[in-house]
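Taking the hints into account, I'd like the entire structure generated from these sequences.
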Amino acid sequence: MKTIFVLFDSLVRNALECYGGTHVSTPQFKRFAERAVTFDNHYVGSLPCMPARRDLHTGRLNFLHRSWGALEPFDQSFSELLRAKGTYTHLISDHYHYWEDGGATYHNRYSSWEFIRGQEWDKWKAMVQPPLERFKKMYHPMQQAEGPNDGRLQAMVNREFIKDEADFCCPRSFKSAMEFLDINRESDNWVLHLECFDPHEPFFAPARFRERYPSGYVGPTLDWPRYKRNEENAFEAQELRANYAALLSMCDEYFGRLMDYMDQHAMWKDTTVVLTTDHGFLLAEHDWWGKNRMPFFNEIAHIPLMIAHPAFAHKAGERRQSLTQTTDLMPTLLNLHGVDVPGTVEGHSLLPLLEQDTQLREAALYGMFGAGTNITDGRYTYFRYPQDMTKQDLYEYTLMPMHLKSMFAVADLAQAELAHGFNFTQGVPLLKVPARRNAKGQPVGHTGQGSGYEDTTTVLFDLEADPHQLHPVHDAQAETRLMAQIDALMRKNDAPPEAFLRLGLPAP
Numbered sequence: 002m003k004t005i006f007v008l009f010d011s012l013v014r015n016a017l018e019c020y021g022g023t024h025v026s027t028p029q030f031k032r033f034a035e036r037a038v039t040f041d042n043h044y045v046g047s048l049p050c051m052p053a054r055r056d057l058h059t060g061r062l063n064f065l066h067r068s069w070g071a072l073e074p075f076d077q078s079f080s081e082l083l084r085a086k087g088t089y090t091h092l093i094s095d096h097y098h099y100w101e102d103g104g105a106t107y108h109n110r111y112s113s114w115e116f117i118r119g120q121e122w123d124k125w126k127a128m129v130q131p132p133l134e135r136f137k138k139m140y141h142p143m144q145q146a147e148g149p150n151d152g153r154l155q156a157m158v159n160r161e162f163i164k165d166e167a168d169f170c171c172p173r174s175f176k177s178a179m180e181f182l183d184i185n186r187e188s189d190n191w192v193l194h195l196e197c198f199d200p201h202e203p204f205f206a207p208a209r210f211r212e213r214y215p216s217g218y219v220g221p222t223l224d225w226p227r228y229k230r231n232e233e234n235a236f237e238a239q240e241l242r243a244n245y246a247a248l249l250s251m252c253d254e255y256f257g258r259l260m261d262y263m264d265q266h267a268m269w270k271d272t273t274v275v276l277t278t279d280h281g282f283l284l285a286e287h288d289w290w291g292k293n294r295m296p297f298f299n300e301i302a303h304i305p306l307m308i309a310h311p312a313f314a315h316k317a318g319e320r321r322q323s324l325t326q327t328t329d330l331m332p333t334l335l336n337l338h339g340v341d342v343p344g345t346v347e348g349h350s351l352l353p354l355l356e357q358d359t360q361l362r363e364a365a366l367y368g369m370f371g372a373g374t375n376i377t378d379g380r381y382t383y384f385r386y387p388q389d390m391t392k393q394d395l396y397e398y399t400l401m402p403m404h405l406k407s408m409f410a411v412a413d414l415a416q417a418e419l420a421h422g423f424n425f426t427q428g429v430p431l432l433k434v435p436a437r438r439n440a441k442g443q444p445v446g447h448t449g450q451g452s453g454y455e456d457t458t459t460v461l462f463d464l465e466a467d468p469h470q471l472h473p474v475h476d477a478q479a480e481t482r483l484m485a486q487i488d489a490l491m492r493k494n495d496a497p498p499e500a501f502l503r504l505g506l507p508a509p
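Per our numbering, the sequence shown starts with residue 2, numbered consecutively.
Worth flagging that the hints you see were computed from the coordinates, not collected in a lab. Don't take every hint at face value.
With a cut-off of at most 27 Å between alpha-carbon atoms, the simulated DSS-like pairs for lysine-lysine come out as follows [what the hints assert, rightly or not]:
id, residue 1, residue 2
1, K229, K392
2, K31, K137
3, K392, K493
4, K316, K31
5, K138, K176
6, K137, K164
7, K124, K138
8, K126, K86
9, K433, K229
10, K164, K126
11, K31, K406
12, K392, K441
13, K176, K229
14, K31, K138
15, K126, K138
16, K406, K433
17, K441, K229
18, K124, K164
19, K124, K137
20, K316, K270
21, K126, K176
22, K406, K137
23, K229, K137
24, K126, K406
25, K176, K270
26, K392, K124
27, K433, K493
28, K137, K126
Computed from a prediction, not measured in an experiment: that's the story for all the values here.
Right under this line is the structure:
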């Protein structure tokens with residue numbers, strides 16, 4: 002088997018035509034859906050970026066035990082397991098978080114890897130004295146750096162070196178993927194993991210894509226929303242959405258070029274293609290921009306997944322309603338290459354669903370460290386929060402004490418205890434470190450924007466009656482049933498005692 006696993010970042014499900022989107026042109030994703038099996042009820046697990054990738058590598062949820070962080074020594078990565086059994090794995094990515102402190106152990110699990118430089122605040126280009134006054138005129142005030150740790154200044158410097166379309170990271174990433182295929186397409190038993198940071202913000206795309214989406218906005222560059230409530234006027238909001246649309250259109254076109262390559266070389270007969278994302282993004286829906294701070298509405302949590310497998314070509318264009326989530330990708334990738342799934346894995350292989358729609362789970366648990374604990378059964382979504390976000394006990398369990406862009410502070414580690422391991426740590430004890438808190442006393446999952454949480458009210462939505470989650474409902478029977486499922490799934494995940502107590506559940 003040969004597998005191409007394409008992972009975009011912040012690929013908004015309802016923006017894709019194959020999922021009902023009407024405002025952005027995405028003909029190539031639609032073309033792929035006509036060849037693939039499309040999953041209609043696919044959800045995130047742990048959020049945001051690197052926690053989602055830890056789910057992907059291990060087939061387990063991690064947000065109940067840990068914030069943003071590296072793969073741990075006891076984690077069983079799909080890529081490392083495949084390598085051990087003789088499958089060659091290659092990562093091509095411009096997702097620079099892999100090369101920061103909090104992601105530093107992921108890329109070395111592959112047989113080989115290639116880092117495409119220049120996205121967002123990747124520490125790529127050096128400019129000791131950047132033209133600050135020019136940048137202030139070039140970019141909207143919302144995009145200006147707020148203090149020395151705000152990476153927006155580095156992003157402005159990086160963009161000085163991205164002039165032509167060929168300079169953009171997405172085209173360079175797909176070019177590298179096709180170079181890999183030129184060399185290796187006749188070989189067997191490999192996984193190409195092609196991961197594009199786009200269409201993650203900043204929504205910076207070549208002019209020929211941007212021209213497709215006029216907004217009426219006049220002013221300095223505005224293509225990078227902060228994770229905050231929507232306070233922009235109508236023209237500013239439309240400009241941000243238009244820039245997202247332009248970037249998504251570029252992703253669509255370059256994915257289409259990959260499909261053209263597969264057509265040209267008759268690769269569909271022996272190559273599986275998996276296409277998905279880590280999470281979505283709020284583009285002012287629910288009066289929010291971004292992710293992390295707000296409740297995880299379906300614009301963030303309900304994500305696309307499509308799989309084209311040569312043995313199931315007769316199922317092309319079919320759709321599946323079974324409830325799936327990110328943790329299912331790890332056992333699927335192992336099964337594609339004939340590798341046994343470890344007993345610690347909670348996800349389910351999706352290969353049986355390619356043949357027919359069968360139920361894998363009754364409910365899916367998802368969330369972010371220290372935020373709400375969320376669940377869906379496909380009919381309802383339920384966001385459960387502690388009664389007081391400032392008084393809950395919360396601990397990080399880790400042997401790799403690294404946050405997004407830094408190691409744990411010595412003062413935090415000085416409070417650490419050695420705790421017994423969990424059912425997935427292979428008998429290894431862990432550091433138990435009190436979670437950091439913001440000025441309000443709320444736990445903080447990682448450095449960067451989105452630290453701290455808002456709208457932390459337990460709420461239930463009926464997706465059948467209210468698919469856009471605009472009108473909370475009160476249904477004691479549904480809430481009781483969903484709380485029982487939260488309890489069962491947390492026990493299955495061997496969640497720590499405080500994860501239960503913060504939700505008002507008895508600890509095991």
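Discussion item. Checking each numbered hint in turn, tell me which of them this model violates, lowest number first.
Written reply: 2, 5, 8, 9, 11, 13, 14, 26
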